[in-house]
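Heads up: the sequence lines are chains A and B, in that order. Note that the numbering used here numbers the first sequence so that position 43 is 43, with each residue one more than the last. Note that the numbering used here numbers the second sequence so that position 37 is 1037, with each residue one more than the last.
Hints were generated in silico from the structure; no laboratory data involved. Quantities reported herein were computed from a predicted structural model and do not represent experimental measurements. Treat each hint with caution, since some may be false.
Straight-line alpha carbon distances no greater than 30 Å define the calculated DSS-like cross-link-like pairs of lysine-lysine that follow [as the list claims (entries may be wrong)]:
id	chain 1	residue 1	chain 2	residue 2
1	A	LYS106	B	LYS1013
2	A	LYS57	A	LYS106
3	A	LYS59	A	LYS70
4	B	LYS1013	B	LYS1057
5	A	LYS106	A	LYS56
6	A	LYS70	A	LYS57
7	A	LYS56	A	LYS70
8	B	LYS1013	A	LYS56
9	B	LYS1057	A	LYS70
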Amino acid sequence: TQLLEQSPQFLSIQEGENLTVYCNSSSVFSSLQWYRQEPGEGPVLLVTVVTGGEVKKLKRLTFQFGDARKDSSLHITAAQPGDTGLYLCAGRGAGSYQLTFGKGTKLSVIP
Amino acid sequence: KAGVTQTPRYLIKTRGQQVTLSCSPISGHRSVSWYQQTPGQGLQFLFEYFSETQRNKGNFPGRFSGRQFSNSRSEMNVSTLELGDSALYLCASSPAPATGIRARPQETQYFGPGTRLLVL
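So here's chain A without its partners, still in its complex pose (with noise of 0.2 Å):
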């Protein structure tokens, strides 16, 4: 069974700061997703990395994918009340694909 951990579980920062969510395991994934979920609606896909080392930009987030695909961050810049959300890391394991989802990180962005 595939394990993927997510830190910090909670996150209360104020408009303006940086902040890092991790999403780290044991099993190599052939992609990793990023997720955002909002109150009383589904995931909405950020982004998708495939390859170990990758590096995406999404206007002030940033995500990167581990070398050896285990392992994956997300980077906040400037953060804004709108960023406020339950953040989700899913990893496709080799063969399955079978999405394998992080339990998340919950952001509250402070005015």
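Could you slot chain B onto chain A? The hints should help.
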């Protein structure tokens, strides 16, 4: 294009009852996957249907079943409900298979808003 729709959005049942949830995928999408989301366990994969066939199944008891129709709409059924079945049930659609060896690593799934089930 309309997104993934799920009905009903909220449901209250009692232990021992059964429930059927419905999911309409994005037009043209042939894959529908179902997930259970709880605060303790997070999002867990239930099963995927593609072209009316179940492709993969997660680690859930046989009380959880599903099916897919020729128009790609899918239903999920839970029989003999238990208190622990209280959760947000999400479905996700994609144009191509989302699991298995034919699935691309970068395949994108689009999630619906979910059905919140409360079992009393």
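Do the alpha carbons of LYS56 of chain A and LYS70 of chain A lie within 30 Å of each other, as the hint requires? Holds, at roughly 17 Å.
Pair hint LYS106 of chain A and LYS1013 of chain B, alpha-carbon separation not exceeding 30 Å: holds (29 Å)
When you check the alpha-carbon spacing of LYS70 of chain A and LYS57 of chain A, does it fall within 30 Å? holds (19 Å)
For LYS1013 of chain B and LYS56 of chain A, compute the direct alpha-carbon distance and say whether it is at most 30 Å. violated (44 Å)
Pair hint LYS1013 of chain B and LYS1057 of chain B, alpha-carbon separation not exceeding 30 Å: With a Cα-Cα distance of about 25 Å, the restraint between LYS1013 of chain B and LYS1057 of chain B holds, given a limit of 30 Å.
LYS106 of chain A and LYS56 of chain A were given as a pair; does the straight-line alpha-carbon distance stay at or below 30 Å? holds (22 Å)
Check the hint pairing LYS1057 of chain B with LYS70 of chain A against an upper bound of 30 Å on the C-alpha distance. Since the Cα atoms of LYS1057 of chain B and LYS70 of chain A sit roughly 24 Å apart, the hinted pair holds (cutoff 30 Å).
LYS57 of chain A and LYS106 of chain A: Cα distance at most 30 Å? This hinted pair holds, its Cα atoms lying about 21 Å apart.
Given the proposed pairing of LYS59 of chain A with LYS70 of chain A, does the C-alpha separation stay at or below 30 Å? holds (25 Å)
In the structure shown, a violation is registered for the earlier hint numbered 8 alone.
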